[in-house]
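Fit chain B to the given chain A structure using the hints.
Protein chains: 2
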Amino acid sequence: MEAIERHLRDHREDHLAQLKSLLSIPSISALSEHKGDVRKAAQFLSEALTEAGFQNAEIVETAGHPVVYADWLNAPGKPTVLVYGHYDVQPVDPLHLWQSPPFEPDIRDNQIYARGASDDKGPTFMHIKALEAILQEHGELPLNIKFCIEGEEEVGSAHLADALEAHKAKFQADLVLISDTTMLAPDQPSICYGLRGLAAFQIDLRTANSDLHSGLYGGAVPNAVHALVELLDTLHAPDGTITVDGFYDGVVELSPAERDEYAKLPHDDEAYRQSLDLPALHGEPGYTTLERLWARPTLELNGIYGGFQGEGTKTVIPNEAHAKITCRLVPGQDPNAILDRIEAHITKHTPVGSTVTFTRQEGGHPYLAPYDHPAIQLAAQAYTKAYGVQAVFTRMGGSIPVVETFSQLFHIPIVLMGFGLSDENFHAPNEHFSLDNFDKGLRTLCYYYLNLPTVLGNEPN
Amino acid sequence: MEAIERHLRDHREDHLAQLKSLLSIPSISALSEHKGDVRKAAQFLSEALTEAGFQNAEIVETAGHPVVYADWLNAPGKPTVLVYGHYDVQPVDPLHLWQSPPFEPDIRDNQIYARGASDDKGPTFMHIKALEAILQEHGELPLNIKFCIEGEEEVGSAHLADALEAHKAKFQADLVLISDTTMLAPDQPSICYGLRGLAAFQIDLRTANSDLHSGLYGGAVPNAVHALVELLDTLHAPDGTITVDGFYDGVVELSPAERDEYAKLPHDDEAYRQSLDLPALHGEPGYTTLERLWARPTLELNGIYGGFQGEGTKTVIPNEAHAKITCRLVPGQDPNAILDRIEAHITKHTPVGSTVTFTRQEGGHPYLAPYDHPAIQLAAQAYTKAYGVQAVFTRMGGSIPVVETFSQLFHIPIVLMGFGLSDENFHAPNEHFSLDNFDKGLRTLCYYYLNLPTVLGNEPN
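Chain order of the listed sequences is A and B. Here full-length UniProt numbering is used: position 3 in the first sequence is 3, and no number is missing along the way. Here full-length UniProt numbering is used: position 298 in the second sequence is 298, and no number is missing along the way.
Extracted from the complex, chain A is given alone in its bound form (with noise of 0.2 angstroms):
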């Protein structure tokens, strides 16, 4: 590891330079406009791996945005690493509140701010500076590694599952690594074992066949906004719990075991409270924060809007509203059984006088992980030695829908080992990754790789 480490030191600024290539590209996959800005990141990267000395690096077509496959073969009876990421990014609005440009990437305070900096360009790219180390200072690589990088990420990973499926020996592996997850706090290393799943949907709500006067119909025709609003406050209870019918059927709840190890993590309501400005945190009754966000599903509205949005007034009744909205959903629940629960509901509870359309969008599976594995054990070590203190196991709120995919398609263990943290700001302004995980993350990576194949094996899948 020594020639490593100096390798890292030695190679640090190349490494934040080239970095910094990638994150000004504008890979934003939700928004139409910036398809070429998908494709030229994707191109960077499979130059990135070619460089780093990768072989067989191909741009693989999908019917949305191309994945990125790259590998390295050359361990004859070790075993086959299949490393995943993402190269897309965020939408990046309110453009107003980002203190540097979001595709001008700006290190400052040891952080690299950029949209993408943390999720998930940054992570991936160490994976290919660690292997790249490893093949300079070694010559060569302890086991198999592929590439499978791709760029739909954001918008639910619309058609990796029909590309891994189509084109399934190149991608056959005997362990996937993904680094799209968060560390529990700067100094805490983690080992995910647990995701939630996604169910995405839009209203569209109709009323009028046209915008109306408010004074010359206010008070005898229905109001798109009124309505849409008064839907929308029947999807949850004052509490905060969800009404629609049968949405927590089948839940699995946490164990006795489970809620007595979130509770010795470092967790401190009043502290996060005060992070966030927030006048109160608000969630399910009966639950903590950790475990509300592990463990328990939400149905969150992503945005809304209709009628005037200007500067001033304007006395319109609006004849169109729309919301979008995305539920988290825990082991237990299916997306597809979900949005049918959902719109029922909604077919149920649409006010007089409007017409709703219910559009459904692409969800992922909830995904729970067997923590005993030697390379999730393995996983820990490696935090340890990097950051010199014990890692823990945690579960995490997000949803990664890809990692369903590979355990439906491949059976093999997944390990996350992740390196953002919460609050770098990753769907929102200011989105910006720690250096100092850069640098211990490499490190860890390195580890990690050099003794995978002692704990794997030596049988070829």
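Be a bit skeptical, because a hint or two may be false.
Stretch by stretch, here's where chain A covers chain B in the computed footprint (C-beta under 8 angstroms, at least three residues) [to be verified]:
no., stretch
1, 30–42
2, 85–93
3, 226–236
4, 270–278
5, 355–366
Derived by calculation from the structure, the hints in this document are not laboratory data. All residues carry an ideal CB built from backbone N, CA and C; glycine is no exception.
Chain B only, in chain A's frame:
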């Protein structure tokens, strides 16, 4: 009248060409980027008045958009009429729903389509052309005329009262004549004797100090859009009644005589519903549609926005959400007192974990006229003469705050002679104005101006 009717026929093409030029100016008073266009419309009218034979044309500055003044005061001993109108228009969004661009006037099916065609550039322009016809055919007017055409009607006439007060002698008159109301139906001229007032405000709700990732935070923190929905849904009961404490206090109830008169007016709920393509009408229980529109107050959500509005999904917990709201008020309600009550309601019902800013915007008082005044009765005769149909007396659900301003400042009768129709999409895409009413209205106005001195008497004010 024969010479005048011939004049109107002979000059019809010129009149429409000049009206199109006026309608081509995007004088949207609510949007600061159109400030120059608003002034351009004022200048256009000032020049048009001078060309028509009026004197002392002047752009009267205010703290906001200017007022256009011009006069013809060469009938000493005769009464003076102040003609009020407005040259500002509503915003045009959603732009994609316009069949022809809002500021490229287009005549189809004997309707002129453009923003402002019906509200209020068309009707205001008719007064200039009616008086020009009399001037050119008779060589003089039978009474004195002053014009007061403002540029802030669509934003609550914020600075007109100050301008009238500052130039009280200039605007002093014996009667105010306004064409900014609607007729009951295409061939049913009507004199409006009552208007609703307006109270306007904005709610800005905030939760955390940033948008948050719904995977990392979902379930444990308040969501601004969810909180706003919850708050707004407290403003109405399920049947549409407004639930703000004291909102209906002091409301002047309709007399049994008025309810009888309204019941006789031509109105068909089913045809009205069908014309709007509505699944159902919706309004306060216990009142007919006309009663709801003319004599009952409202609280309308004119616009709502918060969180993600783009294509696809964004798994964000929004930290701010906004609503734009206006109330239509009826006699017995004071705009400031109503806003006090609503603000108290909002404060009381703000959800835990949220903070709300309540911003008051310009409003206006409701108005009720004595409709047995001879100048109002003459208006009915003028319509009957031009349309061949008996005019009826109605109220209107809209607000013209300046009516109350004139009433309080000058203590003179205000005559509301409308030529627009309620389905002409005033504040919506595809605003239009009937050229049939343009033609008949010009004759109505000429008859009215020619006969007004006989009913008003010859006493100057």
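Whether chain A covers the stretch 30–42 of chain B (at least 3 residues having a Cβ closer than 8 angstroms to its Cβ atoms): holds (count 3)
Verdict on chain A covering the stretch 270–278 of chain B, criterion of 3 CB contacts below 8 angstroms: holds (count 4)
Coverage assertion for the stretch 355–366 of chain B with respect to chain A, Cβ distance below 8 angstroms, three residues required: Since 3 is at least three, the answer is holds.
Proximity test - 8 angstroms, beta-carbon atoms, the stretch 85–93 of chain B to chain A, at least three hits: Coverage by chain A holds here, the residue count being 3 at a Cβ distance below 8 angstroms.
Given coverage of the stretch 226–236 of chain B by chain A, tested with a Cβ cutoff of 8 angstroms and a minimum of 3 residues: Since three or more residues must qualify, the claim that chain A covers the stretch 226–236 of chain B holds, with 7 doing so at under 8 angstroms.
Checked against the numbered hints given earlier, the structure satisfies every one of them.
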